Every structure is written in C-alpha cells, then in structure tokens.
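Can you build the whole structure from these sequences, using the hints too?
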Amino acid sequence: MYDGSLKRHSFENVKAWQLTRNFRKSIYNISKNFPKEELYCLTSQIRRAVLSIGANIAEGYGRYNFQENIQFCRIARGSLNEVLDHLYLALDNGYISNEIFTDLYSEGRNIELALNGYINFLKNQKNNF
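FYI, in the numbering used here the residues of the sequence shown are 1250 to 1378.
Simulated from the structure, these hints should not be mistaken for lab results.
This one's a predicted model, so the numbers in the text were calculated from it and none came from an experiment.
Accuracy of the hints is not assured; some may be wrong.
What the hints assert, rightly or not - Simulated restraints on C-beta separations:
1) Tyr-1289 to Gly-1343: 29 to 37 angstroms
2) Asn-1282 to Asn-1262: 16 to 24 angstroms
3) Gln-1320 to Asn-1359: 19 to 27 angstroms
4) Lys-1372 to Tyr-1289: 38 to 46 angstroms
5) Tyr-1313 to Asn-1347: 38 to 46 angstroms
6) Phe-1370 to Leu-1338: 27 to 35 angstroms
7) Gln-1374 to Arg-1296: 30 to 38 angstroms
8) Lys-1375 to Tyr-1337: 20 to 28 angstroms
Beta carbons: idealized from backbone N, C-alpha and C, even for Gly.
Here it is as structure tokens:
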C-alpha cells in the first residue's frame, strides 16, 4: 500500500480532497444497495457526481494557476451539491435511511466548508502573488 511519502506538494494535501476521498467511499457503499432499476439512473448519476468532486480538486491543483484552480473548485462545489440533491432522492424513495442521509449530508456540508476555505485561500494567494 502506498504510504504517501512522495506527495510533498500535491492535491492530496488539500483538506477538501481528503474529506472528499472518504465521502466518495461512503457514496459508493450506499449506492451498491440501490435497486437494480436505478443502476443506469440514480446510481450512475450519484457516482459520477461524487467522482467529479475529487477529480476537479485534483485537476485544478495540477493547473498551477490560481484562477483556474478556483474555477475547478467551483465546479467541484457544484458537483458536491448535485450529490446532496441525489441523496434527497435516495431518501425520498426509501433507498437510504434518515440516519444515513443525515450523516452523509453533514459530511457533504463539511466538504463544502473546506472547499470554500480553499477557494478563499487561493483568492488571497492570487491577490498577493
């Protein structure tokens, strides 16, 4: 297993990405239990949206440009809110319990706070550069 020793300056050090990694695991786990008829609809959509969060944080980081990084983080934030909307659908259709919804919704909002903090950090860096 990779021990992380090569990531001195990397997207993996971004708190929002770290939180997203765990969130992604949780979303994949709960979506395994969605009904088969949702495989090409809700299951696919929620998984693609949660993948987009971390992928956009990583891609933005790799651009080495403050403004582009900010834009990719905004896209990640949009994908996060898409996942939260899909969680409402899963709750409303009885695919997840209220407890699971509440836990994942809270986790998502914490990611949003971390993303907003990272965006503000990038804006300050851009202005001071």
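Hint numbers the structure violates, sorted upward? 1, 2 and 8
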